[in-house]
Amino acid sequence: MFMSSLKSGRKFGLVLVPFLLLTACSSPPETARVPLSRVIGNWTGPEGEEISLAADHTFESTNLAANKLAADDCPEKQTQGSWAFYADLGDGMSGTSKEASSGDWIGLYFKGLPQEDCAVQLAVVNHGKTLCATVDPDDPCSLDVRFRREE
446 MFMSSLKSGR KFGLVLVPFL LLTACSSPPE TARVPLSRVI GNWTGPEGEE
496 ISLAADHTFE STNLAANKLA ADDCPEKQTQ GSWAFYADLG DGMSGTSKEA
546 SSGDWIGLYF KGLPQEDCAV QLAVVNHGKT LCATVDPDDP CSLDVRFRRE
596 E
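Position 8 (the sequence shown) corresponds to 453 in the working numbering; numbering is contiguous.
Each statement offered as a hint is correct.
In silico SDA-like pairs for lysine to any residue, Cα to Cα no more than 20 Å straight-line:
#1 K574 <-> G493
#2 K556 <-> T541
#3 K556 <-> T503
#4 K543 <-> Q566
#5 K556 <-> E495
#6 K574 <-> F592
#7 K543 <-> P559
#8 K556 <-> N487
#9 K543 <-> I485
#10 K543 <-> S497
#11 K543 <-> E505
#12 K556 <-> T524
#13 K556 <-> Q566
#14 K543 <-> G573
#15 K556 <-> N508
#16 K556 <-> D501
#17 K574 <-> W488
#18 K522 <-> W488
These are computed hints drawn from the structure, not numbers from a lab.
Generate the whole structure from the sequences, applying the supplied hints.
Shown next, in the form of structure tokens:
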């Protein structure tokens, strides 16, 4: 009886150890610094979320309440606002700056909505081919909502 338990425990361990090694070795995607021209355009998320970023630092969005962004009270209907890259503001401070012409993180600010109601940050990953919604500076895709550019 004891030998049988030991054998089944070994089988479980043989399955569990590779899984633990795989998850321990996977790391969040790296962000990619890109110029303004690489983020301008229409982006679509996995649940029909849409963001259109314009060169004048304005945006329009639709359906941001879908999927995992809903907890942040983001608007479902079409809405507008402004956006900017995060940049070094000096004295060890960083924040969004409309003067920044490139970056790897983007902040969205909704017109008529307090920032704390829907704080959306997008990390530029996959060499600028993907924008990830995130709430964690250590994990660019923490919300697992990935926007891809419409072709």
